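Enquirer: Dock chain one against chain two, each of which comes alone in its own frame, and use the hints as you go.
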Amino acid sequence: MQANDTDKRYAQANKEAILALIAYAFYFIWWYVCAYGLGDGDPELYSYVLGLPAWFFYSCIVGYPLITLVLWCMVRFGFNDMPLEAETEAKTAAEAKAKHKEQV
Amino acid sequence: MSERIASIVPVLLYLALSLGVALWARKREVQSTSPQRFIEEYFIGGRSMGGFVLAMTIIASYTSASSFVGGPGVAYQLGLSWVLLSMIQVPTTFLTLGILGKRFAIVGRKTGAVTISDYLRARYRSDTVVILCSLALLVFFMAAMLAQFIGGARLFQAVTGYPYVVGLALFGITVVLYTAVGGFRAVVLTDAMQGIVMVIAAVVVLLAVVQAGGGMGQCIATLKSIDPGLITPTGPKNSVPQPFILSFWVLVGLGILGLPQTTQRCMAYKDSQSLHSAMLIGTLIIGFMILCAHLSGTLGRAVLPNLPAGDLAMPTLIVELLSPFWAGVFIAGPLAAIMSTVDSMLLLASAAIIKDLYIHYGLHGNITRLSPEKLKIMSFGSTLTIGFLVFLAALEPPDLLVWINLFAFGGLEAVFLWPVVLGLYWKKANAAGAIASILVGLVVFFALSILKPPMGGIHAIVPTTLAALCAFAAGAYWGRPAEPEVLRLFWGKMQ
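The listed protein sequences derive, respectively, from chains Z and E. In terms of the numbering used here, the first sequence is residues 1 to 104. In terms of the numbering used here, the second sequence is residues 1001 to 1495.
Derived BS3-like pairs: lysine-lysine, alpha-carbon spacing no greater than 27 angstroms straight-line: (1) E/Lys-1374 - E/Lys-1027; (2) E/Lys-1110 - E/Lys-1376; (3) E/Lys-1428 - Z/Lys-15; (4) E/Lys-1110 - E/Lys-1270; (5) E/Lys-1224 - E/Lys-1237; (6) E/Lys-1270 - Z/Lys-15; (7) Z/Lys-8 - E/Lys-1428; (8) E/Lys-1493 - E/Lys-1427; (9) E/Lys-1110 - E/Lys-1427; (10) E/Lys-1027 - E/Lys-1376; (11) Z/Lys-15 - E/Lys-1427; (12) E/Lys-1237 - E/Lys-1452; (13) E/Lys-1110 - E/Lys-1428; (14) E/Lys-1493 - Z/Lys-8; (15) Z/Lys-8 - E/Lys-1427; (16) Z/Lys-8 - E/Lys-1270; (17) E/Lys-1110 - Z/Lys-15; (18) E/Lys-1027 - E/Lys-1270; (19) E/Lys-1428 - E/Lys-1493; (20) E/Lys-1110 - Z/Lys-8; (21) E/Lys-1493 - Z/Lys-15; (22) E/Lys-1376 - E/Lys-1270; (23) E/Lys-1493 - E/Lys-1270; (24) E/Lys-1493 - E/Lys-1110.
Hints listed in this document are in silico derivations from the structure and should not be mistaken for laboratory results. Bear in mind the structure is a predicted one, so any value in this text is a computation, not a measurement.
Bound-form chain E, shown alone (with noise of 0.2 angstroms):
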């Protein structure tokens, strides 16, 4: 029992720590006069993130359960090949930030936007590229954050030994509270904590892995003993071939630009400082991170040969190699990053809600006809609403939603991708190409997702892309141009 204690003590203590940030966050809020200055605060903290904190976001956002259990338990499996595949994901806060980081920047501040709905109802000016987008995020995000919360409480159910709903509901309400009170600025300062929580569990977890197993050279020498593929960079029986691995270079290093939650962050940071030190602390981080937990799955396969699936790999590294205190300190790890994930998820269900569609089509644009306290009640009420949904959805999982998380990723890529980074760099670029994009996206995506029809291991999320890119291309040729309006704002001179 002393030992079930010492595990959840760690647990709590960041918990604990988690909420007392977010408190300290909102202290520091400007206190808002109008409902306009109250959603710039609430939904994008003022733009005022240095360097450190908008490259750790951006990590926060994009990390998550499956960097934890999920990617290091097929690394167990598939040896340093997986591995390799995880390390596709470096480029990922350098690419976000580069393409799109001071064109964000200038455009957010252009058009007053907060999140990437409102750029695309300022770029595209349509009623439907809004709502598709919107409905998009909202049902994508609520899968993923369900996934999150499932992935979270089965976790904490294996290493310390509570239920699952205590898990569940230790960290859900944790989150959900955060979110709800602290708004953006919470989010982005328990992402940057928690991004650091993340790095030491990583280093924790591969020191005690290689120390158990004898030494890095005696990992690899019992793995190649157990099978030469393990070592190789194709996998056992060329599991990992080139065609499959080469689409993550798509899929995570282009599609990055595509997800909502990574990308709106280009719009709320401060300065083009901030910008440069994040792109070389991002990727930095994010590679040390990521190398440390898969690596840390593979050399697993050295210290407990013969576990029944890969999912059990780092949880049962953790109970086998950590003391108690310590396995509740890498456990704070993965909920680190799961609930950095929900966090920006639910922020931005909520921004869909209370900006992309209540202030929009009940109010018709006319925000002026809220008080900020009463929008503030809202704001905080539609995070609550949704991070509760999510929670109760989480006791008794729906087939469905866990269905369509398996495609969120790609999905949202589907939809984003395109819109979002052709609006900013092609004057072309027009209302009836995003649709067709998005349309075209969605529908590519899932048929090729369901039909599995053979493709040489390449991802759908390949033709996907490219479908979506020509459908973009013919909606601009044969749509309604921009409007000289649009393109005055988006890329006219400076006064």
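Here chain Z stands alone, though its shape is the one from the complex (with noise of 0.2 angstroms):
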């Protein structure tokens, strides 16, 4: 099969996937050098951020809100809207997006 007969729609969704697992990179490397970077030390010297452990702040509770930002920021410029429907349907709901533009 050519490289110019497959589908269209899959450049773009394995860009996509792409991003998914750079996020999943930057989440792993938030998560371990947070932890490990700030907690491996004796936990006498800990320092604390609201009474919790500054290693376990940082990696778990501002973890999940920052990976939520950067994929607001991915979906926002690296996702694409597309159809999804198969062949015939594609058209018309392409057509449907193009009328929806014009009344915009």
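Expert: Pasting the structure below:
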């Protein structure tokens, strides 16, 4: 099969899958560096944020809103809307979208 | 006695609400004129989910009794290190949706697939692949559903004081009924509602624990005085070593792509905007919920330091700290987690029997030989029967199923991960590779889990995943390549 015969949506879908993997890698690094970077020492020497050990605060409390923010940026700038329908239906969806744009 | 009643009222209200939502969902169901139409309605809700429901159903099917009782119980014993471990589950929604979401939605529509087995059949055109996967799904799902039922009924007994059987009957019958009657729409709508209940329950108990412990700083200080290991990332006496915790990035991170009850959702949403918003909503909510539930377990140690077993932590905290009414509200949380896992599995097990096995082998794939009414009755019947069997098993749990459940999560991953992911992304993926990967994955996983050779703390799923990948590559290299027709259908252009 030639490359130009390939469903055009797949190139974009692949790009988005890679972005998701990058987000996964980012979350892992954040989680790992905060937890073991700040938390590996003697518990007597820990610093605290809002009553929690700093390693825990940054890796667990900050981590998941932060990755949501990163994802928001990715979705906003890297993800595209695309019709999901197979073949003929896709056309009508694309037409409907074009129409919708005209109206807006 | 009145306390008992006060704690059961929120549970009853909640169960009635679930049934109500399911009946409402049924009303919205589009009337089916053909058997194919009925299948698209009953098993995948006409591919109409929006972003919020998509996010909630993935979270709810994924989180189970262990997120509310088992996990926080371990966190009670091992401290903040186990909360750190639990937060590895945060990427589950965005990874599933980001990697499989669009490809699955497109392929599902191209091939008319409504389950993972449908997709595997269309991709590999191999009876062996489909039968192996359907059987694995039935066995592991039955065991997992049973474990959920038992966990729920025990928790109900511990908190309300009513007998085990009463709890089992109450929520067992509710979940089986609404799933059978309402199909996919009922499952995902109740999932969304159950997700909300789970979030409320997690917050309520965390606030109660922090307050009882005299504030966050005081709780942590108390934990430190009990054992400084409770506030380190490696746990008391280094009981959560790095190779072990890092394995979970494979088990729950990559492995989630192999769980049929969550990946099937990628075929069922409406449009790409729903997918984008679900990735954000899902990540934020699952992070918040898991954090609250596990942190409650850890901090609970500062409030009640001397419990004999971690599993008692959550039930005891609820009974001690909350008024009977709020205890009832909390108990609805884990019940919701259980029901939302069971309903998805129940419907997919039923789909495996009706669609993947009966229609294909009983009717030789000729679905037009069935009237929509007959298909409807058979689908209801099969969902009811499976649910009833699990219910009976939970009354007197058979050791074999309880034992199998220990391997359900990893076993499903060993079977489904590579055939699903490589089928979507690799044109050279073929039936021989898929079969090799399933068999090698299962054998390696069970051998390592049972024999437990020393692996430096690495979880069995890591070598299993690698071995299954190698087996897949070998099969793809030596076996017959996928048919050009299949490649055209999967990768071909839109007309």
